[in-house]
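Chemist: Order-wise, the sequence lines are chains A, B, C and D. Each residue of the first sequence is one higher than the one before, starting from 1 at the first, in the UniProt record's numbering. Each residue of the second sequence is one higher than the one before, starting from 1 at the first, in the UniProt record's numbering. Each residue of the third sequence is one higher than the one before, starting from 1 at the first, in the UniProt record's numbering. Each residue of the fourth sequence is one higher than the one before, starting from 1 at the first, in the UniProt record's numbering.
Just so you know, the hints here were simulated from the structure itself, not pulled from any lab data. Nothing false has been slipped in among the hints.
According to the in silico footprint, chain C covers these stretches of chain A (three or more CB under 8 Å from chain C):
id, segment
1, 102 to 109
2, 118 to 132
3, 187 to 199
4, 316 to 330
Just so it is clear, CB atoms sit at the ideal spot from N, CA and C, and this is done for glycine as well.
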Amino acid sequence: MENKHRALGLSDQQVMDMYYYMMLARRVDERMWLLNRSGKIPFVISCQGQEAAQVGAAFAFDRTKDFVCPYYRDMGVVAVFGMTAKDLLLSAFAKAEDPNSGGRQMPSHFGGKKYRILTGSSPVTTQVPHAVGMALAGRMEGKDLVVYTSFGEGSSNQGDFHEGANFAGVHKLPVIFFCENNKYAISVPLSKQVACESIADRAIGYGFPGVRVDGNDPLEVYRVMKEAVDRARDGLGPTLIEAETYRLVPHSSDDDDRSYRSREEVEEAKKKDPIPLFAQYLKEVGVLTEKKEREMVEKVMDEVNEATVYAEKAPYPSPESTLLHVYEEKQK
Amino acid sequence: MENKHRALGLSDQQVMDMYYYMMLARRVDERMWLLNRSGKIPFVISCQGQEAAQVGAAFAFDRTKDFVCPYYRDMGVVAVFGMTAKDLLLSAFAKAEDPNSGGRQMPSHFGGKKYRILTGSSPVTTQVPHAVGMALAGRMEGKDLVVYTSFGEGSSNQGDFHEGANFAGVHKLPVIFFCENNKYAISVPLSKQVACESIADRAIGYGFPGVRVDGNDPLEVYRVMKEAVDRARDGLGPTLIEAETYRLVPHSSDDDDRSYRSREEVEEAKKKDPIPLFAQYLKEVGVLTEKKEREMVEKVMDEVNEATVYAEKAPYPSPESTLLHVYEEKQK
Amino acid sequence: MAVISYIEAVTQALREEMLSDQKVFILGEDVGVRGGVFRATAGLYEEFGADRVIDAPLAESAIAGVAIGAAAYGMRPVAEMQFADFIMTAVNQIVNEAAKMRYRSNGDWNCPVVIRAPYGGGVHGALYHSQSIEAMFCHVPGLKVVAPSTPYDVKGMLKSAIHDNDPVLFLEHKRCYRLIKGEVPESDYTVPIGKADIKRDGSDLTVFSYGLMFHYVMQAAEKLALEGVQTQVVDLRTLYPLDRETIIAAAKSTGKVLIVHEDNKEGGLGSEVSAVIAEECLFDLDAPIQRLCGPDVPAMPYSPPMEKFFMLNPDKIYQAMKELAEF
Amino acid sequence: MAVISYIEAVTQALREEMLSDQKVFILGEDVGVRGGVFRATAGLYEEFGADRVIDAPLAESAIAGVAIGAAAYGMRPVAEMQFADFIMTAVNQIVNEAAKMRYRSNGDWNCPVVIRAPYGGGVHGALYHSQSIEAMFCHVPGLKVVAPSTPYDVKGMLKSAIHDNDPVLFLEHKRCYRLIKGEVPESDYTVPIGKADIKRDGSDLTVFSYGLMFHYVMQAAEKLALEGVQTQVVDLRTLYPLDRETIIAAAKSTGKVLIVHEDNKEGGLGSEVSAVIAEECLFDLDAPIQRLCGPDVPAMPYSPPMEKFFMLNPDKIYQAMKELAEF
Ligand SMILES: Cc1ncc(C[n+]2csc(CCOP(=O)(O)OP(=O)(O)O)c2C)c(N)n1
Ligand SMILES: Cc1ncc(C[n+]2csc(CCOP(=O)(O)OP(=O)(O)O)c2C)c(N)n1
Ligand SMILES: [Mg+2]
Ligand SMILES: [Mg+2]
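So here's chain A without its partners, still in its complex pose (with noise of 0.2 Å):
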């Protein structure tokens, strides 16, 4: 087995931190959907499946100097980013320590100054014109900041999209578009969201390079990835990645996907879930043992535990805040 990772030159204790974020994100997902099911917190939207790119992508930037603009989807992104389980499960329980909204948004509704992460809100594609909007102002205060910011196929069909990336490529901002492309647009499979062969064709209309990555490898995303921040840090202007991968559960909670695709496609999409798939890559160029893998579930068991019963029992925001943050308040 060919080591990948030394070759791209990340460290052992990087790939294993990767591996940790990947983990970690599909254990608060996975614990989430569990509260949901016993009628603890009323929403539930997933990463399954997608861990791999999103940590993958993630580590390519600079978590000290770069700012993401995440999708909803985004838990391993934001994950790296700094977001812990127990920041995640205040969100889930929409409990005022949530330093995303304070609960006054829906879980997955990613933020965060101190984390560098913008806040975020429903409509699709918004955040990308807002990323744009981030590396031009970085730029403009000589900062040398890269913008990470992401979305569905079936989002990169909104005008927001369109006019985000085409404003990035006249003015070569330090932006990278990823694309997750899981197939599905809650209900609506890609044949009837695009024509086009890959949505990183979309790319050359922008004037920009469009690459497309198998989603499952987290290192393969990390290589394409760290090119397009490198290229981008350099002044180069943008990318569009676009990661192929599954979503491996319904859409939502709110969802049944069993009306739309069959137990086949999704068992057959199981098979390669990358988590797992990176674990034997690991343990292939030895880097995780099974007594190694069992620490870190548990750690990561621990930490989801920890956080699930510090979000349940913490405090609820008070009625009346409701009506602060408005608008500035001002000293009176």
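Chains B, C and D with the ligands: place on chain A using the hints.
Modeler: Structure of chains B, C and D with the ligands alone, referenced to chain A:
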């Protein structure tokens, strides 16, 4: 000199008609500037320089069954579809009889059911999804109609262009997207609008062909457009065609183009003015003679003069008619 | 008469209109195979096929714009916005195109499109799946805005909207979908657009409302009746253009007016209702015109105590009605 | 004090703020080399360069969205919509993003963006270059909407808007650009957002207005004064959130209220002004609350007799004021 038009299946009469429509559009346009500069009409927006692209394109359609959703410069297109000098001048003078809008809209906001021209507005590219909707409707009704829609290169950056083109691509609808690339969007040059090599490159992102053509050659435009229309009528879906043109006059009567482009550049472009170029071709292949040309100029000028006199004298809409046509007027 | 739910009324109206007119078709996100995320179009894809129940790409401006083009051609498209909150990306098509086509063409073209949008909160939908968006569109001449509150009105008004030769924004309160049930005749019927409906008679005060809040108002009115106070309840139903005649007559008849809506107060629909009354029957009033509305915050939060704080309920409404009655 | 035009006030405010704060920059269509189609940014490209006066690609949602991203980062972008009519394609970015960023992040992020938009008619602009778009945004908590009418207020409020830590929609009446001139101090000053301004005192009736109509109201008030009727004229200036205190006090002081705006009546800004008064000081009124507004048609036509019919003018306003005074 090679006879290009016969090879394309165009008769001598047809190319003479093309020349007529090009000249008609130019002369009406020039008249409107004169009227504007003498204070008789408040506004003009021009087709000058783009007549070859427009007339060549329009000739590829079937005026008895196709629809057009033009943009404001398309005087050549609407002329081919039946709009007369009188119609156009009635609109310029904002008179009641104006078939476009009864004087309600600025000139060049074309529309007329009898001419199969959908009513248009000012916000750019809103007509693109409309054209797609008409094509969808036509197919639902089992008609073999094709829909033409056009826009400037700057406008191809609007979300509605992207969303409309994508919808048409997915549903393989019979609609042709015609981009009249005249190098400027008001003052903003192409290089500040897009970073792609060619607007036609955007088609790949929608899964249909994109073609670039010399917009100063009506026969070339006709050729690629005819091919696209035939494909569309055969059920093979949309095409994006980019015609390279140049706007020979300011953006509109409110613009002063000296602030953003040199006189040398404009003079250079005038050397490729498609109207004399086409006249030269027609003479070289022996279709046009000096005499015929004089006759045609006279005929066109008579039409324009008559139309001007008629339109200037024609009555305005009544003030109270402002209140009509908000909703269907119900028989009471 | 059969008792059906609010959302069944939507589905039935769509199905019957599709059966009776080939020109009626549906487009939107997930409306086909999935039958809509709320299941409003359940079964229609199976019955009418992919050509008449179109799963559109994820792009609201195109959904509206394509529907507008098809409507101008002569079809009767019914476009769905998956959540009303996402209609914002289609505002230009709706306001500048659909609503102005007839006017700008001097009556040459028209645009018989229906745009359905589930709005409103109380469903843990948070800031972006709970919005009341009506006020934005209740100022757009050329467009009609309706928001029925009962299955009977939903079915009858959706049919009227589809028959209408002008664009209609059809707002469905998503909390009502399965909560509200009601009788609907077996036979074909329509309910006219443009007419408010006095759904409860009373001589002590008049309450204007619509959507989910209408039902809360009715509950509060029943409670108040036990105390001998009789409330007249007007279901506005059509929000734009408003039925001025019914509003003025109702306000005059009791002299005490309360307007209740879930949406924020400032600039909400209640302001126009109030202004009509203040202009036309000020001297018939025995009390200031009251509005009871959502607070002026961007939208309702997700966290249960905050959502509850935001939302009106029968108790809060009862209090306001009682105070007004005692004024 | 220097006398400058309304549009010079815009340019001066932009220039001074760009000089004093490196974080202020401009983006929009044709704002650079061309200095704006109205020339509001004339000279700024030459003075501050292409990096701070950005000719953006033709896409309003991106112009708004990019500005929002830059503002969240900490810059102070001033985005221009070439005509207010075209803001419709950016509604989602303005309403769902800029206005909700602070709220949805629980105060973690904020969005100090200014969006300038020339609105209003009387310039042969027809349906799509004449619109009054304020009502659509005067119902959006988190956003501030201002529409000054004098050069003094334009300059002072545009500076306040740029200093504001929340998003501000800054509406400039395009007919005022060169028509209206006024005194402006040489020294630096600001005019607060949120305060209406009583620009004329009078005890017989109160007229609320803004923008071009404010000037027409002033003319009508002068004429009426010759007949001995004294009109109090309130320039609303900030349209959202409204200055309720000033509105209520002014309405009480005369007991007769007329609201005048160019925009359509139903659902226009006047309805909220009226509703506030009907709620807070009904018993202080001596006459019904009147609104004098544009007709409820999609937008003003191009043809001169129709544009004239649509637009209010000092005469029409004088008539309405006189009738109210005599009530
Ligand atoms: C503007 C807008 N329209 C509709 C929705 C509802 N919606 C949420 S997610 C989604 C599908 C998104 O699909 P895709 O972009 O492929 O991302 P995925 O969920 O598959 O990761 C839809 C339609 C939305 N959030 N925003
Ligand atoms: C949505 C929208 N934004 C802005 C404008 C103002 N505007 C009118 S034409 C124009 C430039 C269009 O350039 P292009 O698309 O290249 O077409 P051209 O005029 O060059 O033919 C602009 C900015 C508009 N009409 N619509
Ligand atoms: Mg997807
Ligand atoms: Mg151009």
